[in-house]
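Chains as they are written, first to last, in our numbering: chain U, 186 to 593; chain L, 917 to 1063.
Derived DSS-like pairs (lysine-lysine); straight-line CA-CA distance at most 27 Å:
{"id": "1", "chain 1": "U", "residue 1": "Lys350", "chain 2": "U", "residue 2": "Lys376"}
{"id": "2", "chain 1": "L", "residue 1": "Lys1039", "chain 2": "U", "residue 2": "Lys207"}
{"id": "3", "chain 1": "U", "residue 1": "Lys554", "chain 2": "L", "residue 2": "Lys1045"}
{"id": "4", "chain 1": "L", "residue 1": "Lys1045", "chain 2": "L", "residue 2": "Lys1010"}
{"id": "5", "chain 1": "L", "residue 1": "Lys1045", "chain 2": "L", "residue 2": "Lys995"}
{"id": "6", "chain 1": "U", "residue 1": "Lys277", "chain 2": "U", "residue 2": "Lys263"}
Residues from chain U that face chain L, not an exhaustive set, calculated with beta carbons under 10 Å:
{"id": "7", "residue": "Pro532"}
{"id": "8", "residue": "His533"}
{"id": "9", "residue": "Gln537"}
{"id": "10", "residue": "Gln541"}
{"id": "11", "residue": "Gly549"}
{"id": "12", "residue": "Asn563"}
{"id": "13", "residue": "Ile592"}
{"id": "14", "residue": "Phe593"}
I should point out that these hints are in silico values taken from the structure, not numbers from a laboratory.
Ideal Cβ placement from N, Cα and C applies to all residues, glycine included.
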Amino acid sequence: MSLDVASIRQDFPVLHRLINDKPLVYLDSANTSQKPQVVIDALANFMSNGYAPINRSAYQLAAEATDLFEGTRTALAKFINAPKAHEVIFTKNATEALNLVIMSWGRANMNAGDTVLLTHMEHHANIVPWHMLVAERGIQLRWVPLTSDGQLDLSNLDSLLQGVKAFSFTSMSNVLGTINPVQQLCAAAHKAGAIAIVDGCQSVPHQPTDVQAWDADFVTFSSHKMCGPSGVGVLWGREELLEALPPFLGGGNMIADVRLDGFTTAELPAKFEAGTPAIAEVIALGAAVNYLENLGMANIRRHEIEMSTYVLNSLTARFGDDITIHGPTNPELRGATFSFAFRGIHPHDLSQVLDQSNVCVRAGHHCAKPLMRILGANATARASFYLYNTQQEADMLADALDSASDIF
Amino acid sequence: MAGLEDLYREIILDHYRTPRNRGELDAPAVSAEGHNPLCGDEIRIFVDVQNGIVTDVRFNGSGCSISQSSASMMTSAIKGKPVEQVKAIVKKFKSMMTVDEDESPVDESLNLGDLEALQGVVKFPVRIKCATLGWNTLLDALTTAGQ
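The shape of chain L in the complex, shown without the other chains (with noise of 0.2 Å):
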């Protein structure tokens, strides 16, 4: 059976407790929204892109530590990045959760960093929409900033 510790990694609970670039970000800053409706779990992502780079990005909302962790390292991972980097992290990232749908190839030599820490969410099955939650909402809004 999977113990706890595999879930409840120390980083995990340190962004849970500390999140990193919680709150929102004015125009021409754009969102999106996602909701995991099994648990009512609700997440914004706001995303300034300028010049093909994610020069700013944020998140608010109300979740589980698996979620809220998430999302908090999320943003230290993407934020500074171009674009096309931060869809490669969020393949692999998709990838490592078990739930990378389409076919094209992810990016081996990319370093997820303090996010291989999630890894354990996977003998979780139930709580890989926690994880996974505010990676798709910052897919929709790259999507509503035209990327």
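Isolated chain U, as found in the complex (with noise of 0.2 Å):
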């Protein structure tokens, strides 16, 4: 079934608005996507008329509020397929949850002299926490380099794993828009020894996930780039490697006990979540898991590739050589996250001359620097397109980028 982007913008009420009398052409969602009216309805709604703490108190208001939060872990353990709902974790964003994973099972299990294979497309933060244990530890980064269209260069993949203890990757370029093979690279960790880390923080809001299909051992991801309000990250790992984890935050609500010369954790998945939550965040993220069930997650990546396929196709025919479009051309192998280079224009000033228009994009070096060096650039603009964008849009962008070739 395709999707009804007229009738899913009406639920976006930012999309209506007008700057300088002009709509709003949000090309941005690989940064933070918008909010659909049921989710900004979840959250009033529970400020206004179920605000209480969690899991710590008898009255009925807490119950309910303890219900509502426990129901976006089960909506969210369904959403990806996870065996069991406690394990699904909260955290404060995706970037804590790396670093949850990372530093705990890190620190439990990797010494001096032992690897980790990344791949030369992550985000910081699936690069800076493993700098952080290479110092604390000792530990040894390997990399898995990129071919020239922007995928991983699997040629080596096997030998590149032997003797490492995790690999750790991302499902989607945030920068190059390449959809990885989570599954065959799960694999091959795992026949190597290795654990298998996925960064789903730029797939999960785009396609079906299935966990247990991927057979990873640990997935990331964020509720704000999924329609869900910010202050929320969620991991998923397998059961048995969660129990086996030491806790990474000491706290309230964490705890089984303690006592003056110790304590013991809480059971799963209390275990990783210390402190008070974002309780209404994670309340309202349970309506962005249910807005996006409702509509498909196989159509949402379907019309993903069709928008794929326009913009790659409308910007190359317009603007041929002068247009520079990194990643893999065929919309199978990609999401719809366009980093591009445009007639030598440095894509801070690009993105001040398409705010002129209200075309939304990202100026910068996206979170991956290393990535940025490969691709020889200090920094490109990025153009990122979800449920709620429209080919009209892809026109707009494209009307605006001809602009910017006035002033330079």
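Build the complex from these two chains, which are given one at a time in their own frames, with help from the hints.
Right, here's the structure in full:
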């Protein structure tokens, strides 16, 4: 079934905002997505009528809040096909979720000389915590390089994986749009005796996710890129691995007992959820999950393949060699996130000119400086499309790009 | 709404297209490197200070039109001037960019010349960091030079 984008756009109030009497063209969803009315209502309704602490009070209001909060956990487990809801852990953001895995699992399992395999297309959130473990433990990092069209070069994967304890990689590049063969990568990791950690931030909001089909060990993603509020990240992990992991943050909620001489941890998922979480935001994330499931993740993916096809064809036809779009040219192999260089105009200047037409794109290094160096750029402009974007908006991007040439 | 003509004045685009004093200096000149972590812009400023005078200054690196033109105009404005006067120019420029942090008075008699064209940047607050990147790096380079 194809998406009724006109109807979807009705669900997102901000898309009807005029800035300087012109419509908003929001092409920055890889950065953060806009919110549908049902998510805004869930947030406001809970704040207005249901706000209470969770997990620790006997009164009805608190019990209702706990049920709503846990309802999101159950919905998320179904959304990613996790075997058990208590394998879903809420964190502050996806960066914290990755830090939780890397620090807890890494400190428990990695010592001097142990090796982690990463890829050249990782976000800083899947690089810097490992660098911190390098400094702390003397571990070693190894990297999967890229092909010229921005895919992982897997020709030497088996030898790269030799002796590796963990393979940590993104399911989709936030710069190149490349969708990685997660199932194949997890299988290769396991064959080499390594665990597989998947940074799912860019793919989970845009296509069906099945952590069991992937056969991953840990998967992280964020609420705010999938129509939910900011302030919530998600970690899914295999039960037996989470059970074996030491806690990450200590404090309230994560303990079974605290004595003067020590503590014991709570059961999953509380063991990894120290302190008061983003209660209202988690509850509103539940509304976002419900919204996306009603539309159908496979339908959203199909819409984005159509968008990618249109964007690639129309920009290339119109600008030819004046535009360089990074990443795979086959829309089936990529998400609708496009980093590009245009007529030698610096991305910062480009985004400034596009803003005159209310075309919102990201300019910068996209928290992926190692990849930027490989691309030979300090920065790129990036236009990213989601379920509410239209081909007409892709045309408005192209028109705005043309106007930049008038200045530079 | 601030129009792009406030930002991309002709003199700015001229310095962007044809940067002045672009390059490097050998020792005894010293250098400092500056980064704009938001956008990845990088700049290196070389200064040669002899007897309290900035006898030569160069810059290289890559960045947007605002960071590059600001650095280019800066080198033209300070070359051959005594360090004390250079610091006063830096202060006046940062004051114009609304990011002058210390409370000593700005020398209002200083004429910034072409640099006045960058005044429009203030209407685009995100770009202020672009305009001041070279200037903050210059201060680092002067510190390295023992000034």
